[in-house]
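Between the sequences and the hints, there should be enough to build the whole structure, so can you do that?
Number of protein chains: 2
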Amino acid sequence: MSVQSDLGDLKARLREARDISSSAAVLYWDQTTFMPAGGAAGRGRQLAVLSRLAHESATDPEIGRLLDRLEPYAVSLPPDHDDAALIRVARYDYEINTRVPAEYSERAAKHSSATYAAWVEARPRNDFASLRPMLETTLDLSRELAGFFPGYDHVADPLIDLVDEGMTVARIRPVFNELRQGLTPLVARIAAADQVDDGPVRKHFPQAQQSRFAERVIKAIGYDFERGRLDPTAHPFMTRFAHGDVRITTRTNEDFLAEQLFSTIHEAGHALYEQGTRAKDDGLPLGSGTSAGVHESQSRLWENIVGRSLGFWSHWYPTLQAEFPEQLGNVDLRDFYAAVNRVEPTLIRTDADEVTYNLHVMIRFDLELQLLEGELAVADLPEAWHARYQSDLGVRAPHDRDGVLQDVHWYAGSIGGAFQCYTLGNIIGAQLYDAALCDLPDIPEQIASGDTSSLLEWMSTNVYRVGRRLTPDQLIERVCGGPLDAQPLLRRLTAKFEDLYAL
Amino acid sequence: MSVQSDLGDLKARLREARDISSSAAVLYWDQTTFMPAGGAAGRGRQLAVLSRLAHESATDPEIGRLLDRLEPYAVSLPPDHDDAALIRVARYDYEINTRVPAEYSERAAKHSSATYAAWVEARPRNDFASLRPMLETTLDLSRELAGFFPGYDHVADPLIDLVDEGMTVARIRPVFNELRQGLTPLVARIAAADQVDDGPVRKHFPQAQQSRFAERVIKAIGYDFERGRLDPTAHPFMTRFAHGDVRITTRTNEDFLAEQLFSTIHEAGHALYEQGTRAKDDGLPLGSGTSAGVHESQSRLWENIVGRSLGFWSHWYPTLQAEFPEQLGNVDLRDFYAAVNRVEPTLIRTDADEVTYNLHVMIRFDLELQLLEGELAVADLPEAWHARYQSDLGVRAPHDRDGVLQDVHWYAGSIGGAFQCYTLGNIIGAQLYDAALCDLPDIPEQIASGDTSSLLEWMSTNVYRVGRRLTPDQLIERVCGGPLDAQPLLRRLTAKFEDLYAL
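Residue numbers (numbering that gives the first Met the number 0), protein chains in the order written: chain P, 0 to 502; chain B, 0 to 502.
Hints are supplied without guarantee of correctness; some may be wrong.
As the list claims (entries may be wrong) - Straight-line C-alpha distance at most 25 Å; calculated SDA-like pairs for lysine to any residue:
(1) 202/B - 187/B
(2) 218/B - 307/B
(3) 218/P - 7/B
(4) 109/P - 32/B
(5) 279/B - 26/P
(6) 218/B - 452/B
(7) 279/P - 332/B
(8) 218/P - 307/B
(9) 10/P - 43/B
(10) 279/P - 44/B
(11) 218/B - 113/P
(12) 218/B - 307/P
(13) 279/B - 51/P
(14) 279/B - 113/P
(15) 218/P - 208/P
(16) 10/B - 26/P
(17) 10/P - 23/B
(18) 10/B - 50/P
(19) 279/B - 30/P
(20) 218/B - 332/B
(21) 109/B - 8/P
(22) 109/P - 7/B
(23) 10/P - 44/B
(24) 10/P - 452/B
(25) 202/P - 307/P
(26) 495/B - 444/B
To be verified - Which bits of chain B does chain P cover? Going by a derived footprint, with three or more residues having C-beta under 8 Å, they are:
(27) 11 to 20
(28) 26 to 33
(29) 37 to 48
(30) 121 to 127
(31) 237 to 245
Calculated from the structure, these hints are not laboratory results.
Predicted, not measured: the structure shown is a model, and the values here were computed from it.
Idealized CB from N, CA, C, for every residue including glycine.
Okay, structure coming up:
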């Protein structure tokens with residue numbers, strides 16, 4: 000067999016496995032957007048079959064043989080050669096897919112489904128007790144999953160690596176600690192300052208107008224509707240079926256303008272990343288974001304660094320006022336900017352502001368580690384949750400539904416690896432933005448004139464078109480000239496909120 | 000192995016094959032409704048993979064072995080026992096799926112795609128010449144397909160059997176001839192009578208109101224929106240993903256009220272059949288319509304026998320007038336009824352009225368047979384088309400785009416088997432309706448009072464819930480007490496149009 004024939008065969012097999020996964024993604028998207036209620040049973044069967052077929056296709060031993068045969072070719076190439084990168088990434092995926100036995104995956108999937116269904120029932124009743132035995136099994140399953148990747152330093156490391164390649168507890172912990180040590184005094188200074196009023200965005204804003212404005216904004220920042228769609232769902236998400244078909248979803252709260260607006264920009268940020276990958280990588284593992292954390296860097300960058308900046312609104316606010324003259328006609332720009340950036344220690348992560356958000360995430364990250372380490376029993380999790388919220392944010396949930404039952408993650412997947420990506424995303428987003436500013440200092444002025452194209456082009460060149468050719472660490476090192484670093488985020492938040500709260 | 004374990008295994012395998020096909024159907028539906036333009040390339044790949052996987056799953060030799068092992072059990076049962084029917088139908092499908100080699104299917108699919116793309120370009124240019132060589136290959140491929148089913152009397156028989164089980168040229172020809180001999184003088188008598196005016200439905204009718212009214216009508220006749228959806232597409236169709244998810248599509252012509260209205264009722268008729276199958280058959284081959292012709296009997300029955308009847312409009316017309324007071328406020332019921340039933344020999348099959356429609360279909364059916372028999376060369380097809388239109392309908396298309404290039408069927412599939420189902424549907428629909436009237440003579444009065452529930456319940460009991468447990472012939476014989484028969488349709492059309500045209 001020639002190298003070129005093996006490579007062609009490998010690509011065809013990888014494309015096929017991904018096309019099956021993408022087909023499942025279409026069915027899932029349909030399920031959350033347009034499927035009638037009666038379709039649930041059939042859809043469950045169809046998704047189960049496609050999921051099994053995708054796994055079979057991705058773990059076909061012939062892929063392993065092709066990768067073995069191609070290894071000498073790969074090592075003969077410069078490391079950032081496309082073929083070398085493809086073989087590296089395909090090997091990484093193949094190892095993961097083949098190390099986890101199908102029997103385990105099915106057992107874990109069944110347990111997840113059952114736990115999720117139980118959580119949906121138990122959460123409104125604040126009934127953690129009924130979920131405790133299931134969560135204990137989830138913890139066992141999570142440790143079992145880690146066990147398929149022996150040689151780790153911390154039991155959470157393999158679970159983190161599954162979504163954030165190369166990250167470990169030993170690397171994340173000091174960076175997160177540095178961030179927390181910087182954020183806690185900032186939160187305290189803000190709490191002591193004159194508070195801002197979010198009344199301007201807590202009026203009635205009709206759905207149709209909110210949607211129209213959000214569409215206009217994401218179109219302007221570069222989301223390509225010829226290669227995507229925006230539809231309503233209960234929980235917003237981004238999904239990629241192909242390079243030419245990257246869809247996002249949103250939801251509307253008619254009594255809170257910030258929800259749909261920033262959630263749509265957030266998902267559009269994810270989509271800009273996927274739409275910005277190279278067309279020639281379509282269907283291949285190189286053609287997608289390189290990790291959950293780097294993906295989140297883009298959603299958070301467009302949502303927060305761009306979308307919640309004063310410059311951005313100095314351009315867009317008149318348009319928004321024209322859309323909502325009654326609600327916003329008498330609210331000036333600075334008050335609107337303050338309203339969408341109000342900082343307040345609250346109970347719910349997904350509603351949290353830019354400053355306290357990472358404190359929410361780090362509480363969960365630390366509790367995950369303690370559970371996995373055996374330092375914390377599942378039975379003691381609700382109280383540990385309250386204790387950390389009290390110490391880190393100064394608030395205590397009156398009920399478990401806003402405490403330990405708040406997020407779906409532990410009740411629909413593994414414990415470990417679920418939360419770090421959010422704060423990694425904020426950290427990496429700030430690092431990448433600083434790097435972009437270094438190359439193109441005019442970006443803030445351009446944003447203030449309504450032009451985000453330079454920033455998009457810079458991200459496309461340095462991040463999006465790279466796809467998975469670089470690991471997250473390689474990407475950060477190459478683009479930002481150093482390792483993961485909490486300081487750019489801390490500097491950015493400190494400067495922004497010192498100004499906003501006149502600290 | 001026990002019979003019950005084999006049967007369970009067989010059902011699981013049949014369900015899986017169908018779930019893969021249904022997944023492909025979801026992707027196809029999305030492609031025609033919501034997919035952005037950029038998604039085409041990826042979608043083509045995904046559909047090709049799912050189509051191959053569905054075929055592999057449906058032709059798994061283990062299904063053949065299970066069917067062999069279950070044969071003694073099947074013959075020990077009464078023929079309409081569910082298990083016997085399931086094994087019979089599964090065997091029928093398995094034989095067809097395994098007789099056609101995958102290599103042939105891929106070759107034919109590629110040729111179809113290429114021919115379809117060429118037709119889309121060539122039709123507006125009236126360029127039959129450029130398509131001729133491709134159509135000659137299609138004819139060869141159609142004969143090759145028939146060759147996988149040796150022992151036929153007429154080369155078209157296997158192609159017809161693929162969609163209308165049990166039907167043959169020898170059985171269809173005399174029935175069609177009888178129909179044509181009855182229709183031709185009726186058309187002549189209508190042509191000699193005072194013409195009716197379809198001006199009332201050729202005004203401007205805004206899309207939103209048309210859609211609202213059509214939705215209301217199909218909901219009233221029993222289309223269940225909890226288990227389906229209605230969306231716009233270029234070419235209307237019905238598609239089933241599961242018993243609980245049977246969707247239809249429609250298109251609007253704002254300058255012709257009859258198009259969306261009757262096309263929506265037509266597709267809803269198909270959907271009532273699928274929604275009316277038994278829930279317990281979901282995912283199994285018993286749970287679907289028994290043939291293309293019987294399926295068409297339901298779409299045509301609801302569209303024409305019910306939807307174009309005077310009684311139906313004596314109930315619905317005031318509501319329609321209220322929706323379009325400017326356009327219809329001064330048009331009385333009888334004039335509206337005449338307008339939506341205007342008979343005129345025209346060039347386009349899909350726009351044809353109830354009387355001439357079958358003449359269009361039979362022209363195509365006869366030409367297909369002549370091509371397959373070698374009596375007609377592809378090169379002579381355009382002239383043969385004109386000659387038959389001249390003799391049967393008295394019209395001649397000025398251009399081939401409204402002549403031989405008019406329908407997509409020959410340019411996107413095989414020659415043979417594509418058209419008979421439409422006229423079979425009209426014939427069978429009239430037979431079934433007469434049988435329903437025999438049992439429930441009050442149906443016309445109920446329809447005139449806006450209540451179609453007795454008719455739906457009768458169809459559900461006698462046709463829909465039966466699914467594929469009876470072949471088309473068995474169904475007609477059992478329900479109508481005799482074989483396929485053109486007379487009920489001829490009697491119905493004669494009576495209706497003698498009244499309408501005062502013949």
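Query raised in the report: Which of the listed hints are not met by the structure?
Result: Failing hints, ascending: 1, 3, 4, 7, 8, 11, 12, 24, 30.
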